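Visitor: With the hints as your guide, set chain S onto chain G.
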Amino acid sequence: MALIHPSQRVAYPYFVVALGLFVLQVLVGTWLAVNYWASLPQWVVDVFPFSTARAIHTNLLVLWLLLGFMGSTYYLVPDETGRDLYSPGLAYLQLAILAGTGVVGVVGFLFGWTEGKPLLELPRPLDILIVIGALMFLFNVGMTMFRARNWTAIQGSLLGGLLFLALLYLFDLPFYRNLAIDWYYWWWVIHLWVEGAWELVAAAMTAWILLKITGVDRAVVEKWLYVELGLFLFTGIAGTGHHYYWLGAPRYWLWVGGLFSALEPLPIVLMLWDTWHHVKQRRLPIRSRLVFTYALGMAVLHLVGAGVWGFMHTLPQINYYTHGSQVTASHGHLAFFGAYVLLNLMFFYHAMPELKGISRFAERRGQLAFWWMSLAMLGMGLTFGVAGVLQSYIERVMGLGFMTAQAQMRFWFAVTWVLGLILLAGVVLAAVDLLTLRPAPAEEQA
Amino acid sequence: MSARTAKWIFYLGTLISLVLFLGLTVDTHRQVQTLTRADQLDEQVVAGKRVWHKFNCNDCHTILGFGGYYAPDMTKVYWRRGEEGIKAVVREPEKHTTWRKMPRQSVTEQELTALVSFLKWTSDIDTNDWPPQDANLRRTARAAVAMTVSQGATLFKDKGCFACHRLRGTGGTLGPDLTQVGGRLDRPTIERVLENPLSVNPKATMPPAPLSVDERGQMAEFLAGLK
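Here the protein sequences come in this chain order: G and S.
Each residue of the first sequence is one higher than the one before, counting from 1 in the numbering used here.
Each residue of the second sequence is one higher than the one before, counting from 1001 in the numbering used here.
For reference, chain G alone in the conformation it holds in the complex (with noise of 0.2 Å):
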């Protein structure tokens, strides 16, 4: 089976890259959870502190996560489009710049070269090469959909949130004098990435996948999308205001932030319904089981991880005593991995065994390291859970100290290691067999 439109191709090296960081955003990640239980000795303190291993754990998801949607949009856009990219070789030399800035960033954390904001700590130079591959990927993608000229709600969708992406990014690029005023437009950054400009991104490549594997009207599922943005950012651009309870700022935010963030699930709720709705009623025999394993999974732990953990975290009443505990750990990760890291998978494996050119693959491995990831994901989650409930009763209710609480949750870290590192396998497991994908035998082929 050859592909329709050659540079499609472009989308394959993006998938190696982003497998690669994943795998070792996590190795990173199991290495932070020893931290966290274990005793250290100082000279490793010294020379490896767990504030740079965190950066590297967050920067590495940012970047790899940013590559999985660079590359599927380049997948996605000339099939969507009905004609081949701009430029592929433009598409291949900000791949380089891209992943060449993440390796000096990471080399250069280890020698303390940082702008030292959580998140954003990749110094300025970095930055610029970082806007200019994002700018190379706009204009590629966005000159490929003019040039075609056949607009799609889900063209609309991806670039708009590509576009938006990419604007908010230069909130990050002043230095702001007043500490409030900083985080109030980190947060620009941060939250209306993930809750804004990711979710029109996500919103749009499930909907392309769901037309794909389900053979639904093309209407019905463009409807619905439109829907979903109008939630998504009703909820979420107003919701931004749940950041902003305690940092300084005017105290409407606890009503702001608390109404519209009790909101945000809605649109979740939406697309799980609409998700489930549109594979029962799909209309093509069903190519590979495990994609559709993956856009169930990820409809559900969406729901879970950025819904309801994050409408518990939200509510003022609550989020006053678990601001900036472990609970916040525990929804950033189970949150992430439920939008977006099972969002690339789901992608990858629908979009690799073409660029392969194999037509149905051997699903075993691939069913496994799904498995264990999410289950190993979704304890990491309960026992961040509980962990910060502990610390939130023992530090901010009874008023002991900081390390008081830490010595109460230290079992939890320590569980949460043993899951990070079956996480890990299962990691490990599906990088390589989507870099390895067979043709299932031939009895499952019939």
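It should be emphasised that the hints constitute simulated quantities derived from the structure, not laboratory data.
SDA-like cross-link-like pairs, simulated, lysine to any residue; straight-line CA separation at most 25 Å:
id, chain 1, residue 1, chain 2, residue 2
1, S, 1157, S, 1188
2, S, 1120, G, 187
3, S, 1054, G, 124
4, S, 1007, G, 155
5, S, 1095, G, 404
6, S, 1054, G, 110
7, S, 1007, G, 216
8, S, 1007, G, 150
9, S, 1007, G, 167
10, S, 1095, G, 46
11, S, 1007, G, 263
12, S, 1227, S, 1183
13, G, 280, G, 222
14, S, 1227, S, 1198
15, S, 1157, G, 399
16, S, 1054, G, 187
17, S, 1203, G, 407
18, S, 1007, G, 281
19, S, 1054, G, 28
20, G, 212, G, 440
21, S, 1007, G, 273
Note that the structure is predicted; figures quoted are calculated from it, not measured.
Guide: Using the frame of chain G, we list chain S on its own:
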């Protein structure tokens, strides 16, 4: 639902939220000047913020609740530990940590002073009474001002003793309540505790108090008088 309605939901939903958000952002910029006491935000505070970034403090510690969750929140640390308390930890972290450690950094004294100004300014941001565990320090800080009659009492507040010890119901609970310490220990013993806690109580977890000889005398006199 028709496709037309779906589009309207998208355009209206986005627009309403965006207008509300941008409007409140403008208003927040106006109010934040007072709420963060921006008039106190001088070059020294900004220099301290740069130090905070330079050593990537924020990927272990939280501040205003944001950052790494590995180490204590720094929003109100100036209230908890005071200038000397903060400096002592950053200079020699290995003496102030137990099983979870803080890296030794090559911070200059100038950088350290700037960092303290930054943290002092931060502690006065109106955070709607967050974090809960430090909310009582607001009252402590006021009580301590009222107590500023003896040198020892001032030192007790400035050196961060309230972080662990309580006086008449305010302060931390890590160390013993000192409201009536003068009834238990005499002045020379208190001085020995301040100089080297282990010399009096081999199980003490308190670090040596960062005091000069004179200051130690003043502090001991103040504490010995609490009966």
